[in-house]
Amino acid sequence: MLFTIYYYMIIVYILMSWLPNLRENFIGELLGKLVEPYLTPFRKIIPPLFGTIDISPIIAIVVLRFAVGGLHSIVALVFG
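Taken in order, the sequence shown gives residues -11 to 68; the numbers are from the numbering used here.
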């Protein structure tokens, strides 16, 4: 449940980047404080395409999805 909420927070934050003024309000700043610490390592590893297209949030979402799937599998194995 919490991972799903975080997943949607990342999506909203990405969409807000298309309209930069949205990131300057309270919700944009709050999302930035919650999402940027997770996205920053991906941005350091994956350079923007053509100098402007940042695909690191997409990779971060895929990694989050795999991690959640793995966590669900481990919990299912442990607790049957």
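Just so you know, not all the hints are guaranteed correct.
What follows is a set of in silico ranges between Cβ atoms, one per label pair, in the way DEER data are often shown [said to hold, decoys possible]:
hint: 1; residue 1: VAL56; residue 2: LEU10; range: 37 to 45 Å
hint: 2; residue 1: GLY39; residue 2: PHE14; range: 27 to 35 Å
hint: 3; residue 1: ILE47; residue 2: GLY20; range: 14 to 22 Å
hint: 4; residue 1: GLY39; residue 2: LEU65; range: 38 to 46 Å
hint: 5; residue 1: GLY39; residue 2: ILE62; range: 34 to 42 Å
Quick caveat, the hints were computed from the structure, so don't treat them as lab data. None of the values given here were measured: they were computed from a predicted structure. We put the beta carbon where it would ideally sit given N, CA and C, even for glycine.
Status of the hints after comparison with the structure:
no., hint, result
1, VAL56 - LEU10: 37 to 45 Å, "violated (27 Å)"
2, GLY39 - PHE14: 27 to 35 Å, "holds (31 Å)"
3, ILE47 - GLY20: 14 to 22 Å, "holds (19 Å)"
4, GLY39 - LEU65: 38 to 46 Å, "holds (45 Å)"
5, GLY39 - ILE62: 34 to 42 Å, "holds (40 Å)"
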